[in-house]
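Trainee: Sequence:
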Amino acid sequence: MVFGPASPLGVSLFEETPPLELIPGRSEEEVETVIRAVYRQILGNAYVMESERASIPESQFKRGELSVREFVRALAKSELYRTRFFETCPRYRFIELNFKHFLGRTPDGLEEMRAHSTILDTQGFEAEIDSYLDSDEYQNAYGEFFVPYYRGYKTQPGRNMVGFTHMFAMLRGASSSDLKGSISGKEPVLNKYVIQETPLAVIPPSSGVAGEGWSFQDTPVGSRTRHGVGASDEGKVYRIEVTGYRSPGKVNRVSKFRRSNKVYLVPFNKLSQEYQRIHKQGGVISSITAV
1 MVFGPASPLG VSLFEETPPL ELIPGRSEEE VETVIRAVYR QILGNAYVME
51 SERASIPESQ FKRGELSVRE FVRALAKSEL YRTRFFETCP RYRFIELNFK
101 HFLGRTPDGL EEMRAHSTIL DTQGFEAEID SYLDSDEYQN AYGEFFVPYY
151 RGYKTQPGRN MVGFTHMFAM LRGASSSDLK GSISGKEPVL NKYVIQETPL
201 AVIPPSSGVA GEGWSFQDTP VGSRTRHGVG ASDEGKVYRI EVTGYRSPGK
251 VNRVSKFRRS NKVYLVPFNK LSQEYQRIHK QGGVISSITA V
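Residue 1 is where the sequence shown starts when you use the UniProt record's numbering, and the numbers rise one by one after that.
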């Protein structure tokens, strides 16, 4: 069992699966495992028929002619990816899925969305794909030989709490598929929330066993407001529920949240600050919901 911020939120499988790297001299079976992992990540866990597979890039990859990154590029530029996520999805749905598939996170605000929209307008589909795979971020996170994986649900230095909540709106559990999308269909999941940098409610899985196909309830699109002491400029208040855990490998480091769940009502403008404080003290956020 993994202890940490992701455990109670239905992404234990992602936590417990180590990053997959193609090492020279690996067996044919291990190479096939890497190929399956690339399909699963880049196509958002969607089912692929034998006739839809990228047979030529697969053969090149098996012969050692392509690195993992170049195999990812070939699959991302394939007719399969184009028809599933570019031609049949609105622009901002396509962009938010690209961030998820290639960088393992969600877009970080209006400027990132605008920049990629401009690339699509001025340079086209293939340039948009290259913009992720040729970025410093991709190289630093995955390099040439690691299969991309989801990173956005983890606490990361330099990233705010908004992106953390957005990832849970995009990452619907280990058994979900990006081809089918959420109950909103193929419409953008984030869009205005990214543009306005508005956090979303983080809701625990609705059913299932941890790590075995947990799924998430869809987050509410609005919230009740409070006008008075403690309300933010936007008038929104959020309920944070916190559990406690002992950090693995750290002697005598015990969370201050150790007896039972604690609940905090936090105004919008204090949300990011409270999020950081809780994690520094060893707490695990089990849910963030608008009240």
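The reader is advised that the hints may include incorrect statements.
What the hints assert, rightly or not - Think about it this way: if two alpha-carbon atoms lie no more than 30 Å apart in a straight line, the pair counts; the simulated DSSO-like pairs of lysine-lysine are: (1) K77 / K192; (2) K262 / K280; (3) K270 / K280; (4) K62 / K77; (5) K77 / K186.
What the hints assert, rightly or not - Derived DEER-like restraints, expressed as beta-carbon distance ranges: (6) D121 / P18: 34 to 40 Å; (7) A127 / E50: 45 to 51 Å; (8) T33 / A127: 26 to 32 Å; (9) E126 / I23: 15 to 21 Å; (10) D136 / R114: 18 to 24 Å.
By construction, these hints were calculated from the structure, which means they are not laboratory data.
For every residue, glycine included, the Cβ atom is placed at its ideal position computed from N, Cα and C.
Trainee: Evaluate each hint against the coordinates.
Mentor: Hint check:
Annotation: proposed proximity of K77 to K192 holds, straight-line Cα distance about 27 Å (limit 30 Å). Taking the CA atoms of K262 and K280, the gap is near 16 Å; set against the 30 Å cutoff, the hint holds. A hinted pair counts as satisfied when its Cα atoms are at most 30 Å apart, and K270 with K280 qualifies at roughly 16 Å. Restraint check for K62 and K77: satisfied, since their Cα atoms lie roughly 19 Å apart, inside the 30 Å limit.
With a CA separation close to 20 Å, the supplied pair K77 and K186 stays within the 30 Å bound. For D121 and P18, the hinted distance range of 34 to 40 Å is satisfied, since their beta carbons lie about 39 Å from each other. Between A127 and E50 the beta carbons are some 30 Å apart, a value that contradicts the proposed interval 45 to 51 Å. The supplied range of 26 to 32 Å is met by T33 and A127, whose beta-carbon atoms lie about 31 Å from each other.
As the Cβ distance of E126 to I23 is approximately 29 Å, the hint placing it in 15 to 21 Å is violated. For the hinted restraint 18 to 24 Å between D136 and R114, the CB-CB distance of approximately 19 Å keeps it satisfied.
Of the numbered hints stated above, those contradicted by the structure are hints 7, 9, listed in ascending order.
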